[in-house]
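Enquirer: Residue numbers (the working numbering), protein chains in the order written: chain F, 1 to 284; chain Z, 1 to 279; chain G, 1 to 392.
These are computed hints drawn from the structure, not numbers from a lab. Treat the hints loosely; a few may be bogus.
So, partial list: chain Z residues that the calculated Cβ filter (under 10 Å) puts toward chain F [what the hints assert, rightly or not]: (1) T10; (2) V219; (3) V239; (4) F273.
Cut-off 20 Å, straight-line C-alpha distance, at most; resulting in silico cross-link-like pairs (EDC-like, lysine to aspartate or glutamate) [to be verified]: (5) F/K129 x Z/E75; (6) G/K129 x G/E160; (7) F/K90 x Z/E40; (8) G/K379 x G/D221; (9) G/K210 x G/D21; (10) G/K117 x G/D21.
Keep in mind it's a predicted model, so treat the numbers as computed, not measured. Ideal placement from N, C-alpha and C gives every residue a C-beta, glycine not left out.
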Amino acid sequence: MPWAWALPALFFLVAIHYVAVAAGAWYAFTDWSGTHAGAKYVGLSNFRQILHDHTARTALVNTVELAVSFVVIVNVVGLVLALTLHRTLKSRNVVRSLFFAPVVLSPLATAYVWSFVFDYNGPLNAFFKAIGMPSAQTSWLGSPTWALWTILVVLVWQFAGLAMVFYLAGLQGIPDELWEASAVDGASTMFRLRRVILPQLAPALTVSFTFMMILGLRVFDQVMALTGGGPVDATETLATQVYKQTWVYGRFGYGAALALVLSLLIAVIALVQLVVFRARERRL
Amino acid sequence: MFLTRYTWRTGLREVLLLLVAAVWWLPIYFLAVGSVKPNEQNFSSPFALPSRIDFGVYSQAWKGSGNGTLGRSLESSLIITIASIVALIVLGSLAAYVVARASNRLGNGLYLLFVLGIILPFQLAIIPTYSAFRHIHLVGNYAGMVVLWTGLLMPLTVFLYTGFIRALPRDYEEAARVDGATRMRTFVRVVFPLLRPVTGTVAILTGLIVWNDFFLSLVFLSGTKNVTLPVTVYSYVGVYASQWNLIFATVVVSVVPMLAFYLFAQKNLIRGFTGGIKT
Amino acid sequence: MASVTFSGVDKTYPDGTRAVDQFNLEVEDGEFMIFVGPSGCGKTTALRMVAGLEDITGGELRIDGVRVNDLDPRERDVAMVFQNYALYPHMSVYDNIAFPLASQGIRKSEIRERVTKTAALLGLDEHLKRRPRNLSGGQRQRVAMGRAIVRQPRVFLMDEPLSNLDAKLRVQMRAEISGLQQELGVTTIYVTHDQVEAMTMGDRIAVLRKGVLQQLGRPEDLYDHPANLFVATFVGSPAMNLFEVSPVEGENGLELRIGGRRIAVPPEAPAALREHIGRRIALGIRPEHLLHPRRADDSAPRLSGEVTLVEMLGFERLVHIRLRATPILTEDVLEVARDIDAGTLDRAGEGHVMAVARFDPDVDVAVNSTQDVALRPEKMLFFELESGRAIV
């Protein structure tokens, strides 16, 4: 084998994925400020600070809340779309393309359109006024209660099409006989969905849930575009905090510690979810 | 076939779904219409079609504000995306070929090394990479971004290529070698052309990720003339405040290339997504 | 043009499996050599070692007297036709055929000339611009041949090139390949598992089993004088009939005990049979040497049994007769049976053998009747049971 052919790729891989990750983990235990001054080992002090820092704690809670609700909602919406769209509809190709389009568009750019939608003088409030519910009008992005959920809406809007495509691919794999047999057996629609279709979709569920969970935990662009983390930290996530602490405030060591927390969170949640889903797949 | 029978219930389902799709596209409608409306109409009647069409904001948006122009960042985005795709395809396919065709333990170990990179958290890698790149002058320029992307997306690339090559019969390569071709000629003339489907998937997935990225460009390019579109849009919006027609024009310019590409290649694009993630 | 010499060639895989074991053979210049055997016998491995696609772990391989063990495939100047043809799907027929020449850096004008000539020879002129997937099976086969012959290599290697064609086309291509080989006179090694292909095409045949060469010879040698039970059962269709017999001293000389009765040993039988008196050995006789009693000499030994099936093939009748005798179920016989069809062995039931006789079509035989058959004395073959070796 011409082993040398693999060397350039291997070099990039090791540099970025192994050396840099290891270095990043090391920085998490230092007080490095990003200058040439060098880094001093400070043990767990960065992590202690995370525990005591109100912003960091809020970011951690927000990240998990946002990711979990995003995963659940985006998959329900995607699954419903896929089931509605599958087979018979005449316009299924057009509709599929319409729902998938947001997936390929810049999350940052499209989030700005949403910030217009949620603007106090924007279309959403105009809509509530028009249907005679003026009391529902709110400063969506400026409200500590609502701001986080606007981000959720944008996330679901952007990625439901992707979940739908995962499930459509899964549905295509179900043999016709299975649909026919269950229909001939006289099973109700809900019964068929639960006992016949969902078990067949188990691999697609695993892929979609894992993928969306990682997306949700890493949310950054939408927050930066819609709220910038405000009002008063109400929408800070771990990813925005990593960015701000490191590059805005120059606290590289602390930023690395936050990045390590985020990485561990992703690893643990995604891995646990993957294991649980795979185990369920096997039982089916 | 009862599965494909079209009844009135199917018709109802179809109408409902089209309605939902229309609502789904409302933001894109706001975007398109809002950019050519006089700004005050965006608030007085956001749903209405423009009373008069004004493309003037586009020339204003194109000129931009501050240190970058949209045209310049469009160029940056294109250069960084294309160069990264090319580097990933060339280096990734070569590496994957070695990994896939080496049946022994060394090959398997190498595969594991590459694929483990998909799981390793890149968030953690960015901070030390940034400081290292500063030392070797790779911050703020195209080369640095291409190097960064080539490294970051190499595991995904090698993973996709290896899966495909492992399923590819060895006969073609063996025939080429018996036909007198060198190893390099065998790869370039016989193996690589056979990889076209997966090369397409790699190009689409990595291209989308690079093109739409905001975070890394923000970190590595901020403050230079080489920023990519999302960063430029980000910095403009801060300046334009609530001049929505100007903001929308900027956003339109930044999403139109991808939207055009999507309309042109949506079937392959969707297939690339599911194919890439399932294999 | 060249000779190919295997001297004690071994192929041992890292896990210890021996694919080829002490292989000795010389393919002469211009010869059409067949490697035949059931799947897993090492024939393809041996061929791939000549191509340079498989490492040689022991012994020496020479082409034209020069050791090639460590040469890269492209340095060996051999051409190969693959079982699935391995036509480059993204290239036109022209580019496929031109590929080996272009790889050698030959001038464009010469490439054009040689590809055109080769295409004309194979009747592919009209298809040069097409892609392989738009060709029929037979055309693909020809393109693969074209890619091999365009180079005028020293040796042709063919790995079951006809196995993907339907039966009719296979017969036609069989003749075409033989004709082409004779015309070009290039040393050829041809691998097949089909013994009919082997018998009809080759100058000489090497029969392999489990990596070991069983017998090397002309088709008629293999058919008439198989070296052992394996070759005897592998070559010929329907397969040779085998019975367990035991030579005993009778009143009028040597006799054979077979299924409770005794038949006289004909004078043509090998003298070495005497050394096996009292031991169990195998008697083999091909279907065409089981004669209808009317067509045989009175002195020919006879057996009788129940007719279970008559297959009318037009030019002959295959008569299946259930005889009282002990079947031969040694490992070598079973291996061939498994390779053809696992079910054929136990149809006869305990203590019986299903024998097949080839009768003329005008001989009337009724199913379920009792039928006598005569054994042509000079065609009776004998084998040791344990070693499988022929007794001569």
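Enquirer: All hints are to be evaluated individually against the structure, with a verdict given for each.
Expert: Structure-based check of each hint:
1. With 10 Å as the threshold, the beta carbon of Z/T10 comes within range of chain F, its nearest partner Cβ sitting at about 5 Å, so the hint holds.
2. This hint holds: Z/V219 has a C-beta 6 Å from the nearest C-beta of chain F, less than the 10 Å allowed.
3. For the restraint placing Z/V239 at the interface with chain F, the shortest Cβ-Cβ distance is roughly 13 Å, beyond the 10 Å limit, so the hint is violated.
4. A hinted interface residue such as Z/F273 counts as satisfied when its beta carbon comes closer than 10 Å to some beta carbon of chain F; here the least separation is about 6 Å, so the hint holds.
5. Taking the CA atoms of F/K129 and Z/E75, the gap is about 43 Å. The hint is violated against a cut of 20 Å.
6. Restraint check for G/K129 and G/E160: not satisfied, since their Cα atoms lie roughly 27 Å apart, outside the 20 Å limit.
7. Proximity of F/K90 to Z/E40 is assessed by CA-CA distance (about 40 Å); at most 20 Å being required, the pair is judged violated.
8. At most 20 Å may separate the alpha-carbon atoms for a hinted pair to count; G/K379 and G/D221 meet this at roughly 13 Å.
9. Taking the CA atoms of G/K210 and G/D21, the gap is about 8 Å. The hint holds against a cut of 20 Å.
10. The suggested pairing of G/K117 with G/D21 is violated, with an alpha-carbon distance near 41 Å, which exceeds 20 Å.
Violated hints, listed in ascending order, are 3, 5, 6, 7 and 10; each of the other numbered hints is respected by the structure.
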